[in-house]
Amino acid sequence: QKEVEQDPGPLSVPEGAIVSLNCTYSNSAFQYFMWYRQYSRKGPELLMYTYSSGNKEDGRFTAQVDKSSKYISLFIRDSQPSDSATYLCASSYNQGGKLIFGQGTELSVKP
Amino acid sequence: EAGVAQSPRYKIIEKRQSVAFWCNPISGHATLYWYQQILGQGPKLLIQFQNNGVVDDSQLPKDRFSAERLKGVDSTLKIQPAKLEDSAVYLCASSFPGLAGDRTGELFFGEGSRLTVL
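Protein sequences, first through last, are from chains P and W.
Going by my numbering, 418 is the number at position 91 of the first sequence; the sequence numbering is gapless.
Going by my numbering, 53 is the number at position 30 of the second sequence; the sequence numbering is gapless.
Please note that a few of the clues may not be correct.
Claimed, not checked - Derived lysine-lysine pairs resembling DSSO-like cross-links, with alpha carbons at most 27 Å apart: (1) W:Lys101 to W:Lys67; (2) W:Lys106 to P:Lys383; (3) W:Lys106 to W:Lys38; (4) P:Lys437 to W:Lys106; (5) W:Lys67 to W:Lys106; (6) W:Lys67 to P:Lys394; (7) P:Lys437 to P:Lys397; (8) P:Lys397 to W:Lys38; (9) P:Lys437 to P:Lys394; (10) W:Lys67 to P:Lys437; (11) P:Lys369 to W:Lys106; (12) W:Lys67 to P:Lys329.
Treat the hints as calculated values from the structure; they're not laboratory data.
Computed from a predicted model, the values in this text were never measured in an experiment.
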């Protein structure tokens, strides 16, 4: 079993839709949870960062972590074509420690 | 601020040949990582350096992969001999430990070096 599991998609939505991206993880020792966005032929870039359980909101993006169910979510409101990318969830045991990535979900937002 | 620089961007070799990738991290970043990203998968850590020293190389196939970080700045990753399954994007990342707040431990990635082994 992979430590971080993510539905690879692809996921296609119309512009303006609400997008829900999800991951599950198996190791209860994970404390830090991140979402990275990766455009085609580019390196990943940090989108959201959460410590332990709870919600975090940044503009159109909301990240949720439920440690009781080992579930990580990213919501994108009012999705835009520029949001078309691969979204990678990642977890780590400690700050600056090794990141364990999910497989990534490819998202396409159609105008 | 300049980002993480990697070269070459693309490399095509035949199996059993050797290849080397170079990475220049963001100035002042003490921690440097090499990740392997196979098509359709998430990045997998190969090796992590803290300054000159190796922090984690548990997933580095040491019979064919080697990496060094001289003087705690630039790094090279070498594969010798290459296998078909080494076809992937090799991502270098750096971070600044101790950065406080929401960006704690944020990894800054380069654009990657895409390797094709024929």
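Status of the hints after comparison with the structure:
Proximity of Lys101 of chain W to Lys67 of chain W is assessed by CA-CA distance (about 16 Å); at most 27 Å being required, the pair is judged to hold. Under the criterion of a C-alpha separation no larger than 27 Å, the hint pairing Lys106 of chain W with Lys383 of chain P is inconsistent with the structure, at around 43 Å. Using a Cα cut-off of 27 Å, the hinted pair Lys106 of chain W and Lys38 of chain W holds, with the two alpha carbons roughly 5 Å apart. Taking the CA atoms of Lys437 of chain P and Lys106 of chain W, the gap is near 39 Å; set against the 27 Å cutoff, the hint is violated.
Proximity of Lys67 of chain W to Lys106 of chain W is assessed by CA-CA distance (about 17 Å); at most 27 Å being required, the pair is judged to hold. Annotation: proposed proximity of Lys67 of chain W to Lys394 of chain P holds, straight-line Cα distance about 23 Å (limit 27 Å). Of the supplied pair hints, the one linking Lys437 of chain P and Lys397 of chain P is violated, its CA atoms being roughly 31 Å apart against a limit of 27 Å. Proposed proximity of Lys397 of chain P and Lys38 of chain W is contradicted: the alpha carbons are some 41 Å apart, above 27 Å.
Between Lys437 of chain P and Lys394 of chain P the alpha-carbon distance is near 33 Å, which puts this suggested pair outside the 27 Å criterion. Of the pairs offered as hints, the one joining Lys67 of chain W and Lys437 of chain P is violated, with about 30 Å between alpha carbons and a cut-off of 27 Å exceeded. Note on Lys369 of chain P and Lys106 of chain W: the hinted pairing holds, with a Cα-Cα distance of about 24 Å set against a maximum of 27 Å. With a C-alpha separation of about 12 Å, the suggested pair Lys67 of chain W and Lys329 of chain P falls inside the 27 Å cut-off, and the hint holds.
When held up to the earlier numbered hints, the structure conflicts with 2, 4, 7, 8, 9 and 10 and fits the remainder.
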